[in-house]
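There are 2 protein chains.
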Amino acid sequence: MHVLVIGAAGMIGRKLTQRLAADGALDGRKIAELTLTDIFEPTAPKGFGGKINIERSDLSRTGAAAALVAKRPDVIFNLAAVVSGEAEADFEKGYRINLDGGRSLFEAIRLENQKDGYRPRVVFCSSLAVFGPPFPKLIGDEFLTAPLTSYGTQKAIVEMLLADYSRRGFFDGVSIRLPTICIRPGKPNAAASGFFSNILREPLVGLEAILPVADTVRHWFASPRSAVGFLVHAAAIDLSYLGARRNLIMPGLSATVADEIEALRSFAGEKAVALIKRVPDERIIKIVDGWAEDYEPTLALSLGFRAESSFGEIIQAHVEDELEGRTA
Amino acid sequence: MHVLVIGAAGMIGRKLTQRLAADGALDGRKIAELTLTDIFEPTAPKGFGGKINIERSDLSRTGAAAALVAKRPDVIFNLAAVVSGEAEADFEKGYRINLDGGRSLFEAIRLENQKDGYRPRVVFCSSLAVFGPPFPKLIGDEFLTAPLTSYGTQKAIVEMLLADYSRRGFFDGVSIRLPTICIRPGKPNAAASGFFSNILREPLVGLEAILPVADTVRHWFASPRSAVGFLVHAAAIDLSYLGARRNLIMPGLSATVADEIEALRSFAGEKAVALIKRVPDERIIKIVDGWAEDYEPTLALSLGFRAESSFGEIIQAHVEDELEGRTA
Numbered sequence: 000m001h002v003l004v005i006g007a008a009g010m011i012g013r014k015l016t017q018r019l020a021a022d023g024a025l026d027g028r029k030i031a032e033l034t035l036t037d038i039f040e041p042t043a044p045k046g047f048g049g050k051i052n053i054e055r056s057d058l059s060r061t062g063a064a065a066a067l068v069a070k071r072p073d074v075i076f077n078l079a080a081v082v083s084g085e086a087e088a089d090f091e092k093g094y095r096i097n098l099d100g101g102r103s104l105f106e107a108i109r110l111e112n113q114k115d116g117y118r119p120r121v122v123f124c125s126s127l128a129v130f131g132p133p134f135p136k137l138i139g140d141e142f143l144t145a146p147l148t149s150y151g152t153q154k155a156i157v158e159m160l161l162a163d164y165s166r167r168g169f170f171d172g173v174s175i176r177l178p179t180i181c182i183r184p185g186k187p188n189a190a191a192s193g194f195f196s197n198i199l200r201e202p203l204v205g206l207e208a209i210l211p212v213a214d215t216v217r218h219w220f221a222s223p224r225s226a227v228g229f230l231v232h233a234a235a236i237d238l239s240y241l242g243a244r245r246n247l248i249m250p251g252l253s254a255t256v257a258d259e260i261e262a263l264r265s266f267a268g269e270k271a272v273a274l275i276k277r278v279p280d281e282r283i284i285k286i287v288d289g290w291a292e293d294y295e296p297t298l299a300l301s302l303g304f305r306a307e308s309s310f311g312e313i314i315q316a317h318v319e320d321e322l323e324g325r326t327a
Numbered sequence: 000m001h002v003l004v005i006g007a008a009g010m011i012g013r014k015l016t017q018r019l020a021a022d023g024a025l026d027g028r029k030i031a032e033l034t035l036t037d038i039f040e041p042t043a044p045k046g047f048g049g050k051i052n053i054e055r056s057d058l059s060r061t062g063a064a065a066a067l068v069a070k071r072p073d074v075i076f077n078l079a080a081v082v083s084g085e086a087e088a089d090f091e092k093g094y095r096i097n098l099d100g101g102r103s104l105f106e107a108i109r110l111e112n113q114k115d116g117y118r119p120r121v122v123f124c125s126s127l128a129v130f131g132p133p134f135p136k137l138i139g140d141e142f143l144t145a146p147l148t149s150y151g152t153q154k155a156i157v158e159m160l161l162a163d164y165s166r167r168g169f170f171d172g173v174s175i176r177l178p179t180i181c182i183r184p185g186k187p188n189a190a191a192s193g194f195f196s197n198i199l200r201e202p203l204v205g206l207e208a209i210l211p212v213a214d215t216v217r218h219w220f221a222s223p224r225s226a227v228g229f230l231v232h233a234a235a236i237d238l239s240y241l242g243a244r245r246n247l248i249m250p251g252l253s254a255t256v257a258d259e260i261e262a263l264r265s266f267a268g269e270k271a272v273a274l275i276k277r278v279p280d281e282r283i284i285k286i287v288d289g290w291a292e293d294y295e296p297t298l299a300l301s302l303g304f305r306a307e308s309s310f311g312e313i314i315q316a317h318v319e320d321e322l323e324g325r326t327a
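Protein sequence lines correspond, in order, to chains A and B.
Taking numbering that gives the first Met the number 0, the leading residue of the first sequence gets 0, the next gets one more, and so forth.
Taking numbering that gives the first Met the number 0, the leading residue of the second sequence gets 0, the next gets one more, and so forth.
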């Protein structure tokens with residue numbers, strides 16, 4: 000089979016292509032060809048035996064999606080996006096990349112479908128930003144999508160297009176709404192949610208980290224490994240059971256900052272916990288206050304999607320995947 | 000003030016412009032100028048004292064929205080749409096008119112807004128087709144939009160754009176999701192929902208009508224007069240209370256076919272009821288079986304939107320508005 004990964008240069012994209020290369024198969028079928036594309040040139044994964052195509056492309060450019068789809072990939076992962084902060088700062092760019100880019104992919108597939116019934120699996124990486132407050136205690140599969148960001152709006156619109164194009168039979172699509180990814184590898188960054196990862200990742204290697212919010216803050220998490228697992232699972236399962244409702248809240252762990260700290264203590268001891276410095280930041284406190292705390296992903300669980308069930312597992316996954324098992 | 004009505008040649012559009020002309024004012028302000036546009040040339044309403052502009056235009060054409068918005072209307076009603084059956088039969092046309100047309104209007108307003116803060120009220124005529132089964136017993140303001148038609152998808156997407164553009168301050172928008180309009184004036188038509196109107200409208204003037212479903216079928220109704228009332232009310236009220244949730248289920252009457260027949264009996268007697276011929280139609284029975292029965296429009300009620308509370312009132316409105324008070 001031929002697998003296309005759009006947005007292959009991003010953090011999840013790199014991990015997904017590495018996993019596909021390592022498995023060499025998807026849904027029990029050998030991956031003969033792998034096409035990786037992004038605005039930046041993606042890196043070829045190690046150890047892949049099949050044919051590999053590396054391409055720079057921007058889906059929002061005329062003809063770009065058609066060129067990718069003309070090669071008739073069996074499975075298409077769309078992970079390409081302008082992130083939340085940028086989509087809010089640059090209105091036109093956010094709509095162009097996140098909405099028009101996503102729609103142009105769907106249109107390119109539809110036009111191929113009209114020729115001879117070509118009907119690939121499409122896995123769209125969506126976000127819990129499709130939801131906006133006020134929230135119920137638990138957000139379920141039937142809660143409305145009323146986002147409070149342009150990014151969330153763009154994701155929700157592409158989700159609706161995906162559901163309609165799937166219903167019409169142009170492709171067989173599913174959207175997966177990822178939890179906050181924790182522990183994000185790399186350096187501390189300016190994202191408001193960064194501290195959730197920073198307070199674990201940095202102390203694990205003996206570095207200080209800033210905690211800008213209270214210990215009682217609760218949020219919804221999954222590891223990068225789980226995120227990749229969701230994508231691979233979404234590419235393989237039978238979706239016909241879902242009917243027209245193709246947009247799924249992914250499972251995650253509802254946990255507090257205190258839960259994170261306790262897991263760090265168990266894993267790396269008091270000296271690691273001592274590296275967390277409490278520096279309240281009113282701006283971040285206010286942003287985080289508008290985020291949902293807990294979800295009830297009934298549909299995804301019924302389809303066999305699984306995430307971590309404790310922060311101990313999340314730390315373990317990070318240490319294995321990023322630190323080759325070693326901590327400070 | 001200057002009021003722009005897009006889709007002014009349709010049934011609701013004509014009734015809205017007639018109401019605006021008769022009132023001569025909106026939200027307590029005199030209507031100095033009225034611009035009516037549609038793909039077909041709209042008719043000028045009677046008795047309007049201000050300046051009137053009649054224009055043919057297609058919002059999905061480049062420059063059409065910009066030309067309308069350049070005149071800086073204070074209130075914009077967007078009622079233009081390809082109907083459900085046509086949007087399902089012609090995928091490209093439905094998306095072009097219902098999605099791209101709606102979006103081009105919002106973009107044209109945004110570009111004017113960027114110049115000097117121009118910020119009109121926008122009232123978008125949406126539909127309960129944004130919802131799809133399986134339904135709860137009562138559909139509330141927080142129920143997900145998972146449509147089962149391309150028309151419903153297009154309406155839901157424009158709703159999401161309207162909410163985001165309003166949140167960003169480009170205009171002050173609200174979407175109103177109309178109930179099934181009953182009694183529709185005119186001749187019986189091929190729409191699957193046509194019988195709800197036919198079984199009242201035709202007997203009221205001494206003609207036979209076909210009832211293709213069981214008496215127990217329950218649905219959600221408002222009169223054309225109420226639909227116009229919703230639009231006018233939506234143009235006038237303070238929306239800031241809604242925050243980013245700008246898409247409202249309009250109030251209606253949840254009633255059965257049996258309720259319709261009883262109201263007809265009370266109003267026009269047994270001889271009118273005898274004109275209803277029961278001819279079960281499996282195709283229509285199946286379509287109607289997928290429609291929702293009842294709603295809980297809490298937000299709209301809290302904002303003062305009101306519909307009829309009995310089929311007696313709906314018949315009365317029809318006889319006054321369409322038959323000059325006379326029945327067979």
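Just so you know, the hints here were simulated from the structure itself, not pulled from any lab data.
Don't take every hint at face value.
[Unchecked claim] Cross-link-like lysine-lysine pairs, in silico, BS3-like; alpha carbons within 25 Å at most:
no., chain 1, residue 1, chain 2, residue 2
1, B, LYS14, A, LYS114
2, B, LYS29, A, LYS92
3, A, LYS70, A, LYS136
4, B, LYS92, B, LYS114
5, B, LYS14, B, LYS70
6, B, LYS45, B, LYS92
7, B, LYS136, A, LYS136
8, B, LYS186, B, LYS270
9, A, LYS136, A, LYS14
[Said to hold, decoys possible] Across the chosen pairs, the derived CB separations fall in these ranges:
no., chain 1, residue 1, chain 2, residue 2, range
10, B, ARG325, A, GLY139, 10 to 20 Å
11, B, ILE286, A, PRO135, 29 to 39 Å
12, B, GLY139, A, ARG277, 51 to 61 Å
13, A, ALA257, B, LEU137, 54 to 64 Å
14, A, ASP293, B, LYS45, 31 to 41 Å
15, A, ARG28, B, ARG305, 37 to 47 Å
16, A, ASP288, B, VAL82, 41 to 51 Å
17, A, ASP288, B, GLU323, 24 to 34 Å
18, A, ARG167, B, GLY139, 44 to 54 Å
19, A, ARG28, B, ASP89, 30 to 40 Å
20, B, LYS70, A, ALA257, 52 to 62 Å
21, B, ARG167, A, ALA257, 31 to 41 Å
Don't be surprised by glycine CBs; every beta carbon is placed ideally from N, CA and C.
Results for each hint:
| no. | hint | result |
| --- | --- | --- |
| 1 | LYS14(B) with LYS114(A) | violated (44 Å) |
| 2 | LYS29(B) with LYS92(A) | violated (40 Å) |
| 3 | LYS70(A) with LYS136(A) | violated (46 Å) |
| 4 | LYS92(B) with LYS114(B) | violated (32 Å) |
| 5 | LYS14(B) with LYS70(B) | holds (23 Å) |
| 6 | LYS45(B) with LYS92(B) | violated (33 Å) |
| 7 | LYS136(B) with LYS136(A) | holds (21 Å) |
| 8 | LYS186(B) with LYS270(B) | holds (21 Å) |
| 9 | LYS136(A) with LYS14(A) | violated (33 Å) |
| 10 | ARG325(B) with GLY139(A): 10 to 20 Å | violated (53 Å) |
| 11 | ILE286(B) with PRO135(A): 29 to 39 Å | holds (33 Å) |
| 12 | GLY139(B) with ARG277(A): 51 to 61 Å | violated (41 Å) |
| 13 | ALA257(A) with LEU137(B): 54 to 64 Å | violated (39 Å) |
| 14 | ASP293(A) with LYS45(B): 31 to 41 Å | violated (58 Å) |
| 15 | ARG28(A) with ARG305(B): 37 to 47 Å | violated (59 Å) |
| 16 | ASP288(A) with VAL82(B): 41 to 51 Å | holds (44 Å) |
| 17 | ASP288(A) with GLU323(B): 24 to 34 Å | violated (59 Å) |
| 18 | ARG167(A) with GLY139(B): 44 to 54 Å | violated (28 Å) |
| 19 | ARG28(A) with ASP89(B): 30 to 40 Å | holds (36 Å) |
| 20 | LYS70(B) with ALA257(A): 52 to 62 Å | holds (59 Å) |
| 21 | ARG167(B) with ALA257(A): 31 to 41 Å | holds (36 Å) |
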